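**Q** Given the sequences, and given the hints that come with them, work out the whole structure.
The listed protein sequences derive, respectively, from chains S and C. Heads up: the first sequence is residues 1 to 407, going by my numbering. Heads up: the second sequence is residues 408 to 502, going by my numbering.
No false leads were mixed into what you were given.
Quick list of in silico lysine-lysine cross-link-like pairs, BS3-like style, CA-CA up to 25 angstroms:
1. C/Lys429 <-> S/Lys196
2. C/Lys496 <-> S/Lys19
3. C/Lys496 <-> S/Lys16
4. C/Lys481 <-> S/Lys19
5. C/Lys495 <-> S/Lys60
6. C/Lys423 <-> C/Lys487
7. C/Lys443 <-> S/Lys196
8. C/Lys495 <-> S/Lys76
9. S/Lys16 <-> C/Lys481
10. S/Lys16 <-> C/Lys429
11. S/Lys16 <-> C/Lys487
12. S/Lys123 <-> S/Lys96
13. S/Lys16 <-> C/Lys443
14. S/Lys190 <-> C/Lys443
15. S/Lys16 <-> C/Lys495
16. S/Lys56 <-> C/Lys492
17. S/Lys16 <-> C/Lys444
18. C/Lys481 <-> C/Lys444
19. C/Lys444 <-> S/Lys190
20. S/Lys16 <-> C/Lys412
21. S/Lys19 <-> C/Lys412
22. S/Lys190 <-> C/Lys412
23. C/Lys496 <-> S/Lys76
24. S/Lys150 <-> C/Lys444
25. S/Lys198 <-> C/Lys429
26. S/Lys55 <-> C/Lys495
27. C/Lys443 <-> S/Lys19
If you anchor each label on the Cβ, the simulated ranges turn out as follows:
28. C/Ser421 <-> S/Glu57: 38 to 44 angstroms
29. C/Lys423 <-> S/Ile199: 39 to 45 angstroms
30. C/Thr460 <-> S/Glu163: 22 to 28 angstroms
31. C/Val447 <-> S/Lys377: 53 to 59 angstroms
32. S/Ile368 <-> C/Lys423: 54 to 60 angstroms
33. C/Lys423 <-> S/Lys190: 34 to 40 angstroms
34. S/Ser124 <-> C/Ser421: 47 to 53 angstroms
35. S/Gly274 <-> C/Glu499: 41 to 47 angstroms
FYI, nobody ran anything at the bench for these hints, they're computed from the structure. Model, not experiment: these values are computed from the prediction. We treat Cβ as the ideally placed atom computed from N, Cα and C, and that holds for glycine.
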Amino acid sequence: MAEQSWAGITYGDLAKPQKAFLISVIQDSDRNFFLKGCAGSGKTVVAAHLIRILKKEENKLIKLLVYTKLLSKFIKDGFNDISNENENVEHFHSWKYNSHNPVDMFIVDECQDFKKEWIDDVKSFSQNQIWLGDASQTLYNYSKGDGGFKSINNEFTNSNGTELTTNYRNSISIAQLAKSFINLNEFDYKAGISLKQKIDDFIIPIANNERQTSGARNQPNIFIEAKNDSDELDAIAKIIIDIQNGNEPSKQIAIAQLKYDHLDWIGSELRNRGVDFLQLSRNKDNLELINFNNRNLTILSPIHSLKGLEFDYIFFPRSEENKIGFWEDKDINNNLMFVLFSRAKTRIYCSFVNKRQSYVYNAISSDINNDFFQFVKSSEILGESLPQQSNEDAEKKVEEYFDGMGL
Amino acid sequence: MRNVKIIAGKTKTSNKPWAYFKPPAEAKIDTKFNLKKGLVVNNINIPNNTIFTVIESKNLGIIAFASNVTHVSKDDLSLKQNSEKILKKYFEEIQ
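**A** Below, the structure written as structure tokens:
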């Protein structure tokens, strides 16, 4: 089994703004900080290393609080060869309802989804806090409206606030899909940012990074149109098995749905088709079976649980709006799609039976004539091997697309 | 003030620090810009709320200029260098 930890990075791997933030905290860890950062900007990586540096240098009691159990497992796995992170990392509800002990410092990841009362709780149980968050990745209405995240923004206006604005995770192909779900939020309106500017701020740094625009990393995202539910699952199962049996060094896969009922159904269908995967249980009591250092990991998970994580491949079957089962407002629904697709490092697969009802297809339908998206029928997948462009072709097309944009 | 590149330096003779950037083309000569977020450029500290005044420079054309900026203190510099050492050492040790 191929194993490799995401946490094993070098000093040279850190981007300049990531280094600058870490240095500023090491310089003066007796104050509060707020690190804003777009999806894929390395907030969690920075936080996970920061806690270990501060514990060593300052001998302080510090805890990294995350929002989901899965993210807590991801961080623990990342460091399991060099230390035991069990006491360093905890998901918020575990701390609140189990230990609820005070610490010198809390580092709080995904704070945009924390209710105001949770934020107050964290503050009252610590001397200092480092908040990490991004309003564009808000997934819950209860935290969107209660002013908690806003209070953190207000506390750091003009001082101690740092922003990581560059996404280092997504290829330009993936970013082109994710950008279709970018919304303006109240903080953007306050800053006078237009939607075009926000999208440019997300896309342009990626377009300027050779690693993220290289042909090797830019297979187009695949949209599969199936005749019926059965064909759709046949095609998805075939692609997953092909990837799992392939020679790539890293092929972590997340198959995502919004609702547990839908995950149960898809899980059963994929199992019947011989797909090997781990399904995240509702009470997350099988977390220990998931090993994020296994580069051949395939999980079936709710979208909400994928916050903060990254995978080589994201699969989003049954993308019709009525099959997704959204229950929040449109902004949150778009944030969910943005968070889901921005988890991918290599490629996204999205499928539907009814193209016109696909939430994802409708979001990109005005921009489908480019080389970042490829549309195939399930029969093509089931009848022959997956159509792929050579890296050279893909690279040429990416170059052509950006030619003339003056980037 | 998004996406502007602030240039900072010091005069050769008096060692006095300064900072400037190219304002938008439509800026009038008497326009003032208020820096919302502090930053350090070239070891010169430009705090938040620094006022940049648009002037016409002989050599540089229209620029937004600020003279009320300060050198980063030696204490700050050594603290920063020390923090950088700590960071480098940590990443060497985990390899």
